[in-house]
Amino acid sequence: MTCAEVQLYAPGGIRGLLLEPVFLLHYSLEFKTIYSEGKSMYRSLHMEPSLCTGCLQCEMACSFEHEGEFNPSRSRIRVFEFEHGKTSVPYSCTQCVEAWCMKACPTGAIFVDSNLGAKLVSASACVGCKACTTACPFGTIEFNPVSGKVDKCDLCGGDPQCVAACPTGAITYVDAGATGVVRMQLSAEQTVQGRAS
Amino acid sequence: MSWQGKILRVDLTAGQVAPEPLNMAWANEYIGERGLGTKYLWENMDPKVDPMSPENVLIFATGPLTGTSASTSGRYAVLTKGPLTGAIACSNSGGKFGAELKYAGYDLLLIEGRSEKPVYLLIEGDEISLVDAKKIWGKTVWETDEWIKTQHHNPMLKIATIGVAGERGVRYAAVVNDLHRAAGRSGVGTVMGDKNLKAIAVRGTGGVGVKDPKRFMQVTREMKNLLAQNTGGMTKYGTNAMMETMQEFGGLPTRNFQEVQFAGYDKIDAKAMLKTDQAGHRNLLTNKACFGCTIACGRIAHIRKDHFTIQNRKEYWHASGGLEYETAFAFGPVVGVDDIDACTFAGYLMNEHGVDPISFGVTLAAAMELFELGIITTEDTDGVALNFGSAEALTVMAEKTGKQEGFGQVLGLGSRLMCEKYGHPELSMTVKGQEFAGYDSRALQGMGLGYATGNRGACHLKHDTFEVDMDDQSGQGKAEPCKTSQDWTAAVDSSGLCMFTMGAWGAPEFAAQLDADSEGEWTPQRLMESGERIWNLERMFNLAAGLTRDDDTLPERLLKDPAPSGTAKGKVNELEKMLPEYYQLRGWNDQGEPTTETLDRLGLG
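Heads up: the protein sequence lines correspond to chains A and B, in order.
Taking this note's numbering, I'd label the letters of the first sequence as residues 1 to 197.
Taking this note's numbering, I'd label the letters of the second sequence as residues 198 to 802.
Simulated from the structure, these hints should not be mistaken for laboratory data.
Please note that the accuracy of each hint is not assured.
To be verified - No more than 16 Å apart at the CA atoms, straight line, and that leaves these computed lysine to aspartate or glutamate pairs for EDC-like:
| no. | chain 1 | residue 1 | chain 2 | residue 2 |
| --- | --- | --- | --- | --- |
| 1 | B | 314 | B | 329 |
| 2 | B | 408 | B | 718 |
| 3 | B | 511 | A | 83 |
| 4 | B | 408 | A | 69 |
| 5 | B | 464 | B | 445 |
| 6 | B | 411 | A | 69 |
| 7 | B | 346 | A | 69 |
| 8 | B | 411 | A | 65 |
| 9 | B | 411 | A | 67 |
| 10 | B | 464 | B | 441 |
| 11 | B | 203 | B | 323 |
What the hints assert, rightly or not - Covered by chain B, per the in silico footprint, the following chain A stretches (three or more residues, Cβ under 8 Å):
| no. | segment |
| --- | --- |
| 12 | 57–66 |
| 13 | 76–85 |
Note that the structure is predicted; figures quoted are calculated from it, not measured.
Every residue gets a Cβ at the ideal spot worked out from N, C-alpha and C, and that includes glycine.
Model the full structure from these sequences, guided by the hints.
Okay, here's the thing in structure tokens:
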């Protein structure tokens, strides 16, 4: 793995990786091997906008799982539409390895779920300072005015409800090392279809 | 439970808004949305009032399942006394607006009076205001949507608005939400414009709960799977797959219903939309779901940039809502046009200016026949030759109607008033003043009965006799399926879900979802009874408004001129045979009035 590739996978760069032995172990293997064997400790949501119809079932499933009611405004995954609905894009936390939110938190309220690699928020430790919402470059950790704490995707303990609710397979839960392959596969299929038609 | 228990009463004359508790007794009897809205209308206005007066009431109603994770849960209905028909008008729409209204904490909006100056209603949770709409009066639907979001720095607002057509009194103006979903029919947008209400912008951050969450999640998941397996090809082809079926059957109204088959159908049908042309252009870009929908029958299309309609108009080079069956029918066969880009552009214009495409297309078709007969000439029509088949006439007149310019003002009257104006009422293809949808009553007998007895005038969405009509082309035995499906559709329309699920779900499937959602016991029987109650209350509204059994009829063309081709060649609609049987089944007297026993049975006495 070259330095450039490391940069791609870990925005924090090689220094961050050294602090993360599991990551090194993970990526010292051949990428293909990791994908096919699915042994990576990192799993993540993979979102494929070309399959999204904008139905928002993911938002309802997420808010139901976390709030016990249907409330898209409190969903940790959001779908955005562009050009009169030509494109619908699901968006959520990608569980950065070297998470800005986690680093920025002054009370240590954000921690790593050792089973999933998800970054979780401890409600008892969070003081609602919103430093994490400033630090996160993607906006995927949000302040909840009702609870006074921050909300983010927790991968539902390994059974993401948005994935279960998506009717088109636009959101999948895959080995973190496979996100590129999934898109490549889809793209390859489209390429072949394009050639056939 | 999924009701917020709160409605918002908006008095435009006084400029005041006031929340009130939802009348749960009415919700229990009328389910929600269409039914509940009808009850609120009935209790809050005199059906005799002029639709274009401050005394008319305009209602936006959600259903019990609106905003839940049940599939297709984004529906809401707009109800009022219709300016096109003088009858009850009830139009429903998908998109995201309906669910947003629920999340904002309101089950229903009841709008009364007329504002002195143009305003829009802004609902951001508990903060509600009537805002001066001076800067957006005269703007299109699309401009208004963007302007309000920008003005309030809130891209999450969901907006239902009228275009210029609604402001300037086109009798069939639509309320358009989320840019290209519409409560399209019966002129509900006209009444909104008459009230000087430009738009309703809503942002909701509250939640919607259900009675039995665990059971609800389980049953809705099962229903979603069932629906996914029974979409009838609508995901891939949209509703426009129907065009080929109607063409083959000979039920595709063509050139103002003079014919029932259209040679150019395959240039504008679902398959044509999917085809890549020689220049590499494909009309259809993608499909699109309304809120919560598993099917995603919505079409997102684009127009060829070199097409004559938009080659010098870059503002239309973007994607937007594409052709569905009814729009394809109204811009295609009925006006004889087979240019897919022109049809798509006409659809853009309808959404942009807030016009019902069905009423527009069928009105234009009548104008084309008047032109063909020499009753009107290019002197009347701003120099545009209104020949059947002219893509130019279609698109120019669509824009003129939307903007209320020139001959567009005549087309804006609707087919009935326009044909009367020129002394040829027989050319108007309407029931109670509302134009037909794309199914010919000679080929589809039960459809004809449904049109004739439709409470909002000719409409294909308030009953479903499709299968029995395809199986047997006589008027025999059509009254019962017509009546039953009218009641059933009324129940479906009142649930907050979309009627396009009806192919997958029957009464037990709807009842199971509603029972897990709402207080009380919801059974298939209760749903059917409620549907019948709703249908009869709509009928009572119309009778009180002055409509009679004479309004339950079809144009002579469908009763006397035989279908010239297709499987129903030589047939006319047998309404005379079907109607008495229908009244009897309904428990109405021979004047089409519900008997005392019927009213008592339904709790309407």
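Each hint tested on the structure:
no.: 1; hint: 314/B / 329/B; verdict: holds, 7 Å
no.: 2; hint: 408/B / 718/B; verdict: holds, 11 Å
no.: 3; hint: 511/B / 83/A; verdict: holds, 14 Å
no.: 4; hint: 408/B / 69/A; verdict: holds, 11 Å
no.: 5; hint: 464/B / 445/B; verdict: holds, 15 Å
no.: 6; hint: 411/B / 69/A; verdict: holds, 11 Å
no.: 7; hint: 346/B / 69/A; verdict: violated, 27 Å
no.: 8; hint: 411/B / 65/A; verdict: holds, 11 Å
no.: 9; hint: 411/B / 67/A; verdict: holds, 14 Å
no.: 10; hint: 464/B / 441/B; verdict: holds, 11 Å
no.: 11; hint: 203/B / 323/B; verdict: holds, 12 Å
no.: 12; hint: 57–66; verdict: holds (count 5)
no.: 13; hint: 76–85; verdict: holds (count 3)
Going down the numbered hints, you'll see the structure goes against just number 7.
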